[in-house]
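Each residue of the sequence shown is one higher than the one before, counting from 1 in my numbering.
Incorrect hints may appear among the rest.
Claimed, not checked - Derived lysine-lysine pairs resembling PhoX-like cross-links, with alpha carbons at most 20 Å apart: (1) Lys209 to Lys9; (2) Lys89 to Lys52; (3) Lys89 to Lys43; (4) Lys9 to Lys122; (5) Lys276 to Lys209; (6) Lys122 to Lys276; (7) Lys43 to Lys9.
Rather than coming from a laboratory, the hints here were simulated on the basis of the structure.
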Amino acid sequence: MCSAAAHVKARCPVYPGSDTHRFPVPDHTVDWDTDCPQYSPVKYTAPTVLNKPAWADPEIGSFSPQFNSIDGSVDRRSHEGSYRVQNGKPLNPHGRTGLEGRGLLGRWGPNHAADPIVTRWKRDSTGQCVHHTNSQLPVLQFVSIKRLDCGEWAIPGGMVDPGERISQTLQREFSEEALNSLQASPSQRENIQKRIAELFNSAGLQVYKGYVDDPRNTDNAWMETVAVNFHDESGNSVSELPLQAGDDAGQVSWIDVDSSLALYANHLHFLETVAKERNAHW
Numbered sequence: 001m002c003s004a005a006a007h008v009k010a011r012c013p014v015y016p017g018s019d020t021h022r023f024p025v026p027d028h029t030v031d032w033d034t035d036c037p038q039y040s041p042v043k044y045t046a047p048t049v050l051n052k053p054a055w056a057d058p059e060i061g062s063f064s065p066q067f068n069s070i071d072g073s074v075d076r077r078s079h080e081g082s083y084r085v086q087n088g089k090p091l092n093p094h095g096r097t098g099l100e101g102r103g104l105l106g107r108w109g110p111n112h113a114a115d116p117i118v119t120r121w122k123r124d125s126t127g128q129c130v131h132h133t134n135s136q137l138p139v140l141q142f143v144s145i146k147r148l149d150c151g152e153w154a155i156p157g158g159m160v161d162p163g164e165r166i167s168q169t170l171q172r173e174f175s176e177e178a179l180n181s182l183q184a185s186p187s188q189r190e191n192i193q194k195r196i197a198e199l200f201n202s203a204g205l206q207v208y209k210g211y212v213d214d215p216r217n218t219d220n221a222w223m224e225t226v227a228v229n230f231h232d233e234s235g236n237s238v239s240e241l242p243l244q245a246g247d248d249a250g251q252v253s254w255i256d257v258d259s260s261l262a263l264y265a266n267h268l269h270f271l272e273t274v275a276k277e278r279n280a281h282w
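Between the sequences and the hints, there should be enough to build the whole structure, so can you do that?
What follows is the structure, given as structure tokens:
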């Protein structure tokens, strides 16, 4: 039911964007199969979710979602297999979080996202690849955004729209968050789409597919993602496009890939996989 490493960020003491404190969950009581009679999770669903935006489910009771299946246009299957449903509500497959309800998440059960990891080789003024002084391996750079909600640097990404293919989400989110395509002129947008289509139509390297240890997770709603690396080997594809932060990002920048980075959720783990697959400095 639970992974070997218990989720940590999903048990942060204070739920993001609120004054709500989670019920404390020590490591040894995370697993649902561990008897914990004193467990009394706090109930919290953010007002923005309760206001019934188009991207959110209604409250359980007013509708009956079909969990572990494709429910109309909403995919309620988990990347990690079948999850439990108790009293009509799905249970987080990685265990207790100290909070029930949906918090800031719109869907009961898995909330699917996609994270495009766009990389290039770091180059000097002559165009030669830069090698790290310690490892002697070439240095990768990736496109990173600074999230407005928490101020942390992250891989640009976002939620998969109902009925949307993962490949579409990856391309859309990158163009909106890192290139601000929504504010571009028609001719600029055409150039952006042409450049990124070339890159995103290439065979990307899937580096992760599954549960995300995210501070927004609850007992009944959680984040899952597919992270795919698209590498601009020659540096003449998206590398030549000017980066511009979109609505969800405060800043956007090419950042050197290094193990010392502090990043949102488990994004550092994604980058470690990319660096090792590409035989780059880590």
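Taking the hints in turn, this is what the structure says about them:
Straight-line distance between C-alpha atoms of Lys209 and Lys9 comes to about 18 Å, which keeps the hinted pair within the 20 Å bound. Between Lys89 and Lys52, the direct Cα distance comes to roughly 18 Å. Compliance with the 20 Å bound is thereby established for this hinted pair. Using a Cα cut-off of 20 Å, the hinted pair Lys89 and Lys43 holds, with the two alpha carbons roughly 13 Å apart. Taking the CA atoms of Lys9 and Lys122, the gap is near 31 Å; set against the 20 Å cutoff, the hint is violated.
About 17 Å separates the Cα atoms of Lys276 and Lys209, which keeps this hinted pair within 20 Å; it holds. Restraint check: the Cα-Cα separation between Lys122 and Lys276 comes to about 16 Å, which is no more than 20 Å; the hinted pair holds. Annotation: proposed proximity of Lys43 to Lys9 holds, straight-line Cα distance about 18 Å (limit 20 Å).
The earlier numbered hint that this structure contradicts is number 4, and it is the only one.
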